[in-house]
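Enquirer: Let's have the full structure, built from the sequences with the hints guiding it.
There are 2 protein chains.
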Amino acid sequence: MKNKGLIRIQNPPTILSSAAVVGKKEHDGPLGADFDLHAEDDRFGMDTWEKAESEMQRLAFGLMLKKCRMREDDVDAIFAGDLLNQCTGSSFGLLDFGIPYFGLYGACSTMAESLMLAALTVGNNIFNRAAAVCSSHFCSAERQFRFPIEYGGQRTPTSQWTVTGSGAMLVANDGGGPYVTEVMPGISVQKGITDANNMGAAMAPAAVDTLTRYFSCSGTVPEDFDVILTGDLGAIGHDITMELLYSSGFNIRSVYNDCGLMIYSAKEQDVHAGGSGCGCSGTVICGPVMKRLRQGIYKNVLFIGTGALMSPGSVQQGMPIAGIAHLVRISSELPGTLVSGEERGGSNG
Amino acid sequence: MKNKGLIRIQNPPTILSSAAVVGKKEHDGPLGADFDLHAEDDRFGMDTWEKAESEMQRLAFGLMLKKCRMREDDVDAIFAGDLLNQCTGSSFGLLDFGIPYFGLYGACSTMAESLMLAALTVGNNIFNRAAAVCSSHFCSAERQFRFPIEYGGQRTPTSQWTVTGSGAMLVANDGGGPYVTEVMPGISVQKGITDANNMGAAMAPAAVDTLTRYFSCSGTVPEDFDVILTGDLGAIGHDITMELLYSSGFNIRSVYNDCGLMIYSAKEQDVHAGGSGCGCSGTVICGPVMKRLRQGIYKNVLFIGTGALMSPGSVQQGMPIAGIAHLVRISSELPGTLVSGEERGGSNG
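The listed protein sequences correspond, in order, to chains A and B.
Quick note: the first sequence uses numbering that gives the first Met the number 0, first residue 0, plus one each step.
Quick note: the second sequence uses numbering that gives the first Met the number 0, first residue 0, plus one each step.
If you're looking for bench data, these hints aren't it; they were derived computationally from the structure.
Some hints could be false.
No distinction is drawn between identical chains; accordingly, a pair holds when it is met within one copy or between any pair of copies.
Unchecked claim - Listed below are the simulated DSS-like cross-link pairs for lysine-lysine, each with C-alpha atoms no more than 30 angstroms apart in a straight line:
hint	residue 1	residue 2
1	LYS23	LYS190
2	LYS298	LYS190
3	LYS190	LYS3
4	LYS290	LYS190
5	LYS266	LYS290
6	LYS65	LYS266
7	LYS266	LYS3
8	LYS266	LYS66
9	LYS23	LYS3
10	LYS23	LYS290
11	LYS66	LYS3
12	LYS65	LYS190
13	LYS3	LYS65
14	LYS66	LYS290
15	LYS23	LYS66
Expert: Listed below in structure tokens is the structure:
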């Protein structure tokens, strides 16, 4: 493949609309005002957490359509996924819409994986408009991956708090930006981490692998971006990523942040190492980040969705946890007008 | 979207290579001789069924590469999925290869979903070569979806037998066919089926929806195909599909078969309504069907991968089972040389 996995989209599609639906804790966090909708009880009118998660997807997708005055028939395909067994959050959440449906499993990287596939298919005229959707719910994730909520288990310092939220985006072949200009699919990386309560450490090497490949073949330097955002590495994974990249000659400190660190106030909200889940980067990208792109505060965003490829069963069987990191570059201007590292003659690091 | 979801691939890619790895029961079935590899004990040298499933994917992918004398570096992307919680069959099975990885969840339709995305991305020059991989394992599926094997639970007459097997395909932008010429992504269809032991009934309406859309907008008639193959509807779903299509004016009887009916000898192998699982259509398409396409026995195959979008949890919560059916047309000749219904002036039904 050209450029070791970097794909420059020839006709960069526009992110026409996005919506983010969250729970109470996320609404109470530092980004609360930038989400579209929340429920005070995290139930969204449903009688189970799993149905509440599906309902968030339904609400996010519907709201996203409403914002750009589109109808179901205007959407050619949906790329969607979540963390629930057999991805039922998405299949039930989006069932009502009657749109060709591609189910994905990218663990917590799903917002990036779905956005990447939506952008690739629209940018290559396979579809006119495609949606990217994902979700996670603290309560459905806790009982599936860890303990029933009622058990009240003690959490380790490295553990992260699964975000209750759903993000939805519509990518279209017309519109004036923000554009998805480049994507780079992730390669699974496994470095022997077996602690299911330290996902940040398991995913960080994948983020480092993708970012190293990206800087090496894109001709960009970290300062070309207003922000480089990983999905949900949390405090531990954030620091590992920064340090490993620094030792490879890439200093991202001045522009680097992680959605899992942004969505909660770590000290006041008792989330230990930070937020996680598909809904973490899903809501932060679809809400606050898209808002800042539209406001002109951000012009160039490098989003690296991170996922841990494991299950409770695989951990019980002693299997190590692999990570994956999919990269999406979102720019408010088309590539021709961007100044890249190559053009400036700049070198990496 | 043009043609209600039908996508004609402008530069139809070639299926360059395929491999199918199966368990003992599948090897003992009527198609046994057409699979590449099997293990007598279904364990493939591993100490758990889940690891055995991953090992099947690793073997199938490796064998597929070997057959076309390609190396890992020659493959730009993998699209893969399975039925295990969090799709660990694929993530662990393909971890060694270091190839950009797109995780999918299409339930039992995964062979069609992955092949569709591989064909779309290669056919539109996003990748030069992309792989489609899937698997299922009777023992890992039984304990996850139904009962532990040791329990020896009685099976209902409508139940199906999850295929132990993995299929892998390589789609490339060079080569002389067989070509993937058309695809049609499925739309989720839910008709109120709640019996998790009658997947055929839950999936059949989705197959009917996709096939009806396909015949309506492709200008083809059933007789244009040597075989129309659904993935794993089994005896019940097969008959429902044929009857519902007949009542809509499409008589597919003379060319219709189902991978779940082909892979076992129903009477002698005690599989009740037939085979199921990602590995069902995965191995039948990658093994016997590809063999017949290469031998010239088949020239035109319409493959409709079928999946049931549910989980044990969703069934316990009383949710109905939705189905999805993704369509892929595989032809040994390029479209220009095909005679379609339109050209003949033929009408549907």
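Enquirer: Each of the hints needs a verdict: does it hold here or not?
Expert: Status of the hints after comparison with the structure:
In this assembly of identical chains, the alpha carbons of LYS23 and LYS190 never lie at most 30 angstroms apart, being 35 angstroms within a copy and 34 angstroms across copies at closest. Neither within a single protomer nor between protomers do LYS298 and LYS190 lie at most 30 angstroms apart by alpha-carbon distance, with minima of 34 angstroms and 46 angstroms respectively. Only within a single protomer do LYS190 and LYS3 lie at most 30 angstroms apart by alpha-carbon distance; the minimum there is 21 angstroms, versus 45 angstroms between protomers. In this assembly of identical chains, the alpha carbons of LYS290 and LYS190 never lie at most 30 angstroms apart, being 36 angstroms within a copy and 39 angstroms across copies at closest.
Proximity of LYS266 to LYS290 under the C-alpha cut-off of 30 angstroms is restricted to the intra-copy arrangement: shortest distance 26 angstroms within a copy versus 61 angstroms between copies. In this homomeric assembly, LYS65 and LYS266 never come within 30 angstroms of each other (Cα to Cα): the closest approach is 36 angstroms inside a single copy and 54 angstroms across copies. Taking the shortest Cα distances, LYS266 and LYS3 never come within 30 angstroms of each other, neither inside one copy (40 angstroms) nor across copies (51 angstroms). Proximity of LYS266 to LYS66 under the C-alpha cut-off of 30 angstroms is found in neither arrangement, the shortest distances being 35 angstroms within a copy and 56 angstroms between copies.
Taking identical chains as interchangeable, the C-alpha atoms of LYS23 and LYS3 are never at most 30 angstroms apart, the minima being 42 angstroms within one chain and 40 angstroms between chains. Within a single copy, LYS23 and LYS290 get their C-alpha atoms as close as 20 angstroms, which meets the 30 angstroms cut-off; across copies the closest is 56 angstroms, which misses it. In this homomeric assembly, LYS66 and LYS3 come within 30 angstroms of each other (Cα to Cα) only across copies, at 24 angstroms, whereas the closest approach inside a single copy is 37 angstroms. For the homomeric pair LYS65 and LYS190, the shortest alpha-carbon distance between copies (27 angstroms) is at most 30 angstroms, but the shortest distance inside one copy (44 angstroms) is not.
With identical chains, the CA atoms of LYS3 and LYS65 are at most 30 angstroms apart between copies only, with a shortest distance of 22 angstroms across copies and 39 angstroms within one. Taking the shortest Cα distances, LYS66 and LYS290 sit within 30 angstroms of each other inside one copy (13 angstroms), while across copies they are farther apart (50 angstroms). Within a single copy, LYS23 and LYS66 get their C-alpha atoms as close as 23 angstroms, which meets the 30 angstroms cut-off; across copies the closest is 54 angstroms, which misses it.
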